[in-house]
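Below, each chain spelled out in residue letters.
Number of protein chains: 2
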Amino acid sequence: MKIYRNNLKVACARTSHHAFASLAVKRAVISVATRYQWNRRHQNLKSELLHLMRKRRSIRKYNNDSVSLEKIYHILEAGRLAPSGANLQPWIYIIITDDRLKERIRAKAENVERKYHKTAPDELREWFKEQKISPEKEFLTDAPILVVVAASIKAPYWLQSTWISIAYLLLSIESQDLGSLTYTPTETQFLNRLLRIPDEYRPVVILPIGIPAEKPSPRTRARKTLAQIVHLNSYCLR
Amino acid sequence: MKIYRNNLKVACARTSHHAFASLAVKRAVISVATRYQWNRRHQNLKSELLHLMRKRRSIRKYNNDSVSLEKIYHILEAGRLAPSGANLQPWIYIIITDDRLKERIRAKAENVERKYHKTAPDELREWFKEQKISPEKEFLTDAPILVVVAASIKAPYWLQSTWISIAYLLLSIESQDLGSLTYTPTETQFLNRLLRIPDEYRPVVILPIGIPAEKPSPRTRARKTLAQIVHLNSYCLR
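Top line first, the protein sequences correspond to chains A and B. In terms of the working numbering, the first sequence opens at residue 1 and continues consecutively. In terms of the working numbering, the second sequence opens at residue 1001 and continues consecutively.
Derived from the structure by calculation, the hints contain no laboratory data. Honestly, I wouldn't trust all of these hints.
[What the hints assert, rightly or not] Facing chain A, from chain B, some residues (calculated, C-beta under 8 Å):
#1 Ile1096
#2 Val1112
#3 Tyr1116
#4 Thr1119
#5 Lys1132
#6 Ser1134
#7 Pro1156
#8 Leu1159
#9 Ile1229
[Unchecked claim] Pairwise CB distance ranges, derived in the manner of DEER restraints:
#10 A:Leu159 with B:Asn1111: 22 to 32 Å
#11 A:Arg193 with B:Arg1196: 39 to 49 Å
#12 A:Lys154 with B:Tyr1116: 10 to 20 Å
#13 B:Asp1098 with A:Arg27: 53 to 63 Å
#14 B:Ser1031 with A:Glu123: 49 to 59 Å
#15 B:Asp1098 with A:Leu159: 24 to 34 Å
#16 A:Leu159 with B:Asp1199: 43 to 53 Å
Just so you know, these numbers come straight off a predicted model, no measurement behind them. All residues carry an ideal CB built from backbone N, CA and C; glycine is no exception.
One chain only, chain A, in its complex shape (with noise of 0.2 Å):
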């Protein structure tokens, strides 16, 4: 700051002395400004990142706007970028944009559901409950986009290696300003089917990808904090 602001004096003592209109001063201006803007940027980003990750929230209402596919491209491009056991990079992503093979995807997705409540673990039902999620997946034809992830099982590591890849696409889908969730059916064999996907893939995720037409309260959705979850050099009872 202390630096911009003496460059700025410079770039200002020049406004002084030389005629208003002067293409010279308006140029060191902005380059003063971009510089500093660019030191800025690089320290923030640390911040930023984080800003990125507290702001972000699973969101289940979608609005009817679209999304362009460029960028559905942009945020699958993060996702290309992952690390990955034994850099094989198993996943694949398919884009779905129609409106009748979303509406499949949802009514079988609800079969599976339904199915799934049943029987799931307790914490897992007292979670649907406390959320007020149900066997309907409104979001699964609500979202403009859906984006299947799915990852060769031939791969070492193969379920570890695309869960960063999804990391790093709800990361992306954040700082597009879209909102995402990442929903997890219990059966995914239906997928294969309706995308003909080969059975060495394995669905692992659909992503539902649109403006978000909800605004989760944070508070719902309370966090440990670090006290709770960090230890030196050793396990220390809590």
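Start from chain A and add chain B according to the hints.
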């Protein structure tokens, strides 16, 4: 950019009408620069996030410089913010700073590795050879800090959730210009014993964290293109 230039013109115009040293002018220029920088930063966050993802590489060589615990806490704060199944946040982080402990972890890990290198799947053995990865894990003692990420296996989707958290850690480490690596020993029971981690937690990864002493070439870590991994509305043979 256009708005910025127009505002700058106003700010400069003021400079020509008033005394040079006017605080109001300085403030106006600073305010314009700040707003410009803020807008640009928000617009650029998308591309900066991609840049961060693109430049991250797995680092196997570290120099001796220490890393402050403050930085480590900043990194773990990112991991804490990851989404998780039913918001159960199943992960815990054990920071290892103790040199003798690091040596014991390395010795045990190398035992596991020597066994594993004999039985690993072909793709991995080829990868090990190509990347000159041996059972020796110098980075476990060279890096000033290790972070062991473990997860409560009682939580639904514990593995998936924890790998999102690990991806958040990786990006935060990169944003601090530090290096890391997702080291996943195939047996992890030794970490439960050495670090007194209860059996309900499974160690998932060891992240060495430190200042890189190598700059791996992107060429040796080739990526598939988007065209190879993206499909529209149904899987297509390539």
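Which constraints among the numbered hints does this structure fail? Numbers only, ascending. Those not satisfied are hints 2, 3, 4, 5, 6 and 16.
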